[in-house]
Structure formats: C-alpha cells, structure tokens
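*Asks:* One-letter residues, chain by chain:
Protein chains: 2
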Amino acid sequence: MLSVGVNGYGTIGKRVADAVVAQPDMELVGVAKTRPNYEAERAVANGYPLYAAIEERAEKFDAADIDLAGLVEELVEEADVMVDATPSGIGAENKSLYEEHDTPALYQGGEDADLVDTSFNARANFADAAGADRVRVVSCNTTGLSRLVAPLEEEYGIEKVRATLVRRGGDPAQTDRGPINDILPNPRTIPSHHGPDVQTIFPDLAIDTLGLKVPATLMHTHSINVSLTGDATADEVRELLESQTRTFVIPEHLDIDGAGKLKEFALDAGRPRGDLWENCIWGESISVEGDDLYLFQAIHQESDVVPENVDAIRAVAETADADESIETTNDALDMGL
Amino acid sequence: MLSVGVNGYGTIGKRVADAVVAQPDMELVGVAKTRPNYEAERAVANGYPLYAAIEERAEKFDAADIDLAGLVEELVEEADVMVDATPSGIGAENKSLYEEHDTPALYQGGEDADLVDTSFNARANFADAAGADRVRVVSCNTTGLSRLVAPLEEEYGIEKVRATLVRRGGDPAQTDRGPINDILPNPRTIPSHHGPDVQTIFPDLAIDTLGLKVPATLMHTHSINVSLTGDATADEVRELLESQTRTFVIPEHLDIDGAGKLKEFALDAGRPRGDLWENCIWGESISVEGDDLYLFQAIHQESDVVPENVDAIRAVAETADADESIETTNDALDMGL
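Going down the list, the protein sequences come from chains A and B.
For any residue, its number in our numbering is found by taking its place in the first sequence, counting from 1, and adding 148.
For any residue, its number in our numbering is found by taking its place in the second sequence, counting from 1, and adding 148.
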C-alpha cells in the first residue's frame, strides 16, 4: 500500500483525498489544512487524520473544537508521496518541507513548470514522471487540452491547435470572484498562458490559446480548432474520442445544452459532489471542414485533475505503468457515464 | 431631403430613427409600432409621428392616451425609403406592404438572405445596394465580422477566418432571456449561421464560426483568428484597423477590460444610450503568430448596425457613394471616440 498525504484541503485537496481513499493500492495517512473551516470539520467527520499546515495556527483548531493529529511535518514524514493541493504559489514555498523529509511531491498546475522535474498528464506522458521527486499535475484547462491532443496527435498528426477558452469566473464557493454581467478577454494579450502550458506536455506542438472570463461558476467551455495533418472525418474523430476513457462524448439524445445539465446529470448518476472527471465533448459539435477539426468541450475545473493526481502518485512511486494506473483509477472511481 | 419611415420601434428601430433625424440629408416622416409601451410614449415625446403597425390594435394607443398620426400604410406611402426594424420573421411578412406602395425597404439581419436583392455592409459592398428594392442590413455579429474582413482581405488576402462568438444571452431589457450561470455552446452544431451569413457579403471567403451564449447582456465578444495570405505584423494590422472609421482600437492606457467599462466610457463620452457603433478591438490583443492573426473584439448588439442602416438608405436611394455616405453618417453621429 502506498501511503499518501494531502497538503491543502480545499477544492482539489479534498477531492484527491477521497479519490485516494477509493484506490485499492493506496492509504490516506492524513490531510493538512491551515484553517478550521467547514472543510476541516468534514475531514475529521470522514475520519481523515487532520494536520495543521501552519504551527502558529494550530490553536485555532483547538478553539474550534476540531481535533488535530499533529503538524504537517509529521504527515510528510509518514507519507510515501505527498500531494500538494495548496493555492497557487504556496506549493513552491512548501518544496523545502518535502525535500527535508525526502518525500516525493506532486504539485498542482498553478505552480511554475520549472519548479518540478516534469509536468504530467496520465494519457500523454505518464512515463516521464517515473521516480521523479517533483511532478506538476497540469491545470484543469491544460489537462482538458492534453487529453484531446494526445489521441489526435497519435492518430492523425496535428499541424496546429487554436483554442478559445471561455472560462468560468470562479468556482461555486468562490464568492469573491467575478465578473458580473460581462465577458472579459482574460488575459487581453494573446496567447494566454494555456498554450505554453500545454507545451510542457507536448514540447513540439503548435498551439495558440485565447482566454476569456464570464459570469458562470460551473465549468469552463472550450471552443476548439485543430488543424490536422492527416485526413479525418467527423465520425472517425468521434469514434476515436469515444474510445478514450477520460473524454466523454455527450450523446445527442441526452439533450444536454450546457454545464448546468451536465452537472445535474453527474449528480443524478451519484457522482461525488456532481464531479465530472472527464472532458465533456458535445457529440454534435464534432465537425471537420477541410483539414480543420472543430468541437466544443466542457471542463470541470474542480475535478478533472483528480484522477490525474491519483495516477501521478503511482507514476512517481513506480508501482504501475500508464495503462494499469489509469484502469485502476477509473475502476476505483467507477468512472463510466 | 430623403423621407424615411421606420417600421418597428424597438431596440434597433428607435436608434435608427434618432440617427436618421441627425442626418443633414434625411427627414424622419414617422415610426410605426404595434404596442403603446414606454418606447411608444417616448417616440411621441420626441415629436416623431407615430403610426399603428396593426390596425386592429390602434385603439390600444387611444386607451393609453398616446396620439397616433395614422396607420402604417400611410407612413409607407409617404416615405422614400422604409427601414423595417421589426422582430425576425416579421420583416418577411411586411414585404408585400412595401411593394404595394413601391417603397424600397431595408430589412434587418434576422430575415433570410433570399428575401432581398442584396445583403449589405457599408464598408464591404455599398454599391451592391444601388437602386435595390429590398436590402438586408446584416446582423450585429455579421456586421462586426464584415468590418474586420474587408480591410484585411484588401490589404493581405485571407486564407481562412475562424471565429468564436461569445454572445450575450439577451439585451439589458430582455428580461425573459438566459442563460443564468452557464456557458452554452449555441448552436451546439458547427458552424454557427454566422459564417454563412458573412458569405452573403463575401461569397468567396472561407470562414468557420462557433457560437456560445453566456449570462451577460452588454455586448458580444469575438475571439478571432484570421489566417492571412500575405505577410503582416501585429503593428501593421493595428495601424490598418486604426485607419478604418468603424473599428475602434481600444488604446491600452484606457484600462478597459470588458463591456462594462466600454459602455461606461461611451456614456461618459455622451453617446446616446451609451451606444458603441464601432467594433471595439482590444489593441493589446492584436497578435500575429506565423500566418495567424488573432484579436478580441466587442460588438454592441443594440447599435452597431445603426450607421449601416443609415448608409443603406442612401445606397438604395442612390444619393451618395460609399465614402460620401459613411463620412456623412459618421459626422452626423459625431462618431470619433
């Protein structure tokens, strides 16, 4: 059994912790958190050993009547692999903590690519993380793009990717985010950082990305163009994407028009928190015009990196290859929709 | 003086009426409306002769104490040119009305292209409307795309346009529209109708468009890619677009991040209703990567077709050529920002 610790118990951390618990070959040795909020209370209720991420704030947990198992240093010492799911930039500050204890660590996509030995997407470059000390699981959007690029590149070859990312302004619980009633080019300069970020996974890929932010919280939506090198039909591309395990091609008969119905579909299916771990690609949108493939996909920013984190744990621990790990992760999460 | 009548006094009609009144060579002989609502009351307050668009409903105006000048048939008889600004599909129903009185008519972009002799954009194909009986002023989005395509096609040649249109869900006054908190691929099939609609202006243009709808009301935002035939730099393209009169390149120092600030800027400048008649292109977004030009532009769905309608009046009446008309319209509206 792999002993896994999770530092940072917010949107990503709590989901990764649950996913680790679900794996047959992993044990969650604990989670670390800075503040005794509603998520901390839930961690304890779940029976997850809870560690204070900042020693000076440990007494706040006492004041809130939330039991601590100790300080984060103890968790890092006990874990075979740490998953750092702290906010962007904090991961880099935690690097020395993991190194002091010789514990390999996974970081999230908000950290710089040069913090780590390799950036990671299970479908695209699992083997690059074998035995690494520092691995960065790329962001939700980069994960969503990488899952699309990998099979298309293998099957047809890609001349260029052009993607417009219509991003949700904030997550449902991020009550301090915007915009309200606006459509913001964000960043206003082109390309957005997403294209270069995808190139941390596919160094030779030509890709230009444009980002916007809108008043929605549920999912990002990507408007995708891929100029293919080889000939393809829309039906062939659809079959290819349907054959992947983490690209869900939404059947037309479901009559799903956006993220609201997608999330409701996931909740109805019993998915924890209504999570959509897969790229959700509208089947009727898959179109080929000459060399140009087009499609729309929705990306659940809170959860699509969760199975990737689980796979990255096995990659750094060298306990499975890509296919074995992805299958184990998917089965443990009961991923079919 | 050209006698102009406006049938339909809603979002577009009331703006066209005001713009006609501002022209030195036009007289507004009246406006027609189906219902005595707040806009009808304002028309009378402005001194615009108000006609009942539907005879059976004329008494409702009496009941609301709003004075009528007569029925729409009288307005059509009196006008040299009619501007039909009724809702999509109603224009086609009104065609026989205009033909019975031998009055040339302009229709809006919601009507089918085959209803008319020619679709119209002043910058792109003014001369095609010379002496026509039926002209269709293309929609806000098609107008915004055409204004961009025309100078780029002339200066560099265009291999292909790929555009993602992130559309406002409804206008500020359309209280029955959505979505709320969602990002809808709309239509979910590709291409959207906008590409073929641009081809009514540029029949040989290769263009693929993708549409979405989001919870915003102020303006549409376009994420644009144009693969150019000839070599260009971002600076050259910027200069080209700055030299056009209806493409406003937003200077970086204005610190305008979206439609909210754009509209506020227009209101502060004294623009009627805060209208933005021009394509609003973010200067810092204009980028060239290889043959690919990228940029973001915001399109004010309520007003960008207004100067185009004014120009189309002169085109069908054959009282000016494109350059003369555009200059007269712009001067009368005091268009510089």
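Please note that the accuracy of each hint is not assured.
In this list, chains with the same sequence are indistinguishable; a pair is considered to hold if it fits within one copy or across any two.
Quick list of in silico lysine to aspartate or glutamate cross-link-like pairs, EDC-like style, CA-CA up to 16 Å [what the hints assert, rightly or not]: (1) LYS308 - ASP352; (2) LYS208 - GLU303; (3) LYS243 - ASP265; (4) LYS308 - GLU432; (5) LYS409 - ASP479; (6) LYS243 - ASP482; (7) LYS243 - ASP324; (8) LYS208 - ASP383; (9) LYS308 - ASP439; (10) LYS308 - ASP324; (11) LYS308 - GLU248; (12) LYS409 - GLU307; (13) LYS243 - ASP260; (14) LYS409 - GLU387; (15) LYS208 - GLU226; (16) LYS308 - GLU437; (17) LYS208 - GLU390; (18) LYS308 - ASP440.
Quick caveat, the hints were computed from the structure, so don't treat them as lab data.
*Asks:* State for each hint whether it applies.
*Replies:* Outcome of the hint check:
1. LYS308 - ASP352: within (10 Å within a copy, 24 Å between copies)
2. LYS208 - GLU303: neither (55 Å within a copy, 66 Å between copies)
3. LYS243 - ASP265: within (12 Å within a copy, 69 Å between copies)
4. LYS308 - GLU432: neither (22 Å within a copy, 23 Å between copies)
5. LYS409 - ASP479: neither (24 Å within a copy, 49 Å between copies)
6. LYS243 - ASP482: Neither. Shortest intra-copy (33 Å) and inter-copy (59 Å) distances fail the 16 Å Cα cut-off.
7. LYS243 - ASP324: Neither, since 29 Å and 52 Å both go past 16 Å.
8. LYS208 - ASP383: Classified as neither: same-chain Cα gap 57 Å, cross-chain 56 Å, threshold 16 Å.
9. LYS308 - ASP439: For LYS308 and ASP439, the Cα distance is within 16 Å both inside one copy (10 Å) and across copies (12 Å).
10. LYS308 - ASP324: neither (36 Å within a copy, 40 Å between copies)
11. LYS308 - GLU248: So LYS308 and GLU248 fail the 16 Å test inside a copy (43 Å) and across (55 Å) alike.
12. LYS409 - GLU307: neither (34 Å within a copy, 38 Å between copies)
13. LYS243 - ASP260: So LYS243 and ASP260 pass the 16 Å test inside one copy only (12 Å; across, 62 Å).
14. LYS409 - GLU387: Answer is neither; intra-copy 23 Å and inter-copy 45 Å both fail.
15. LYS208 - GLU226: For LYS208 and GLU226, neither the intra-copy (24 Å) nor the inter-copy (80 Å) Cα distance is at most 16 Å.
16. LYS308 - GLU437: This pair counts as both: shortest intra-copy Cα distance 15 Å, inter-copy 11 Å.
17. LYS208 - GLU390: Classified as neither: same-chain Cα gap 49 Å, cross-chain 58 Å, threshold 16 Å.
18. LYS308 - ASP440: The answer is both: 9 Å in one copy and 11 Å across copies each meet 16 Å.
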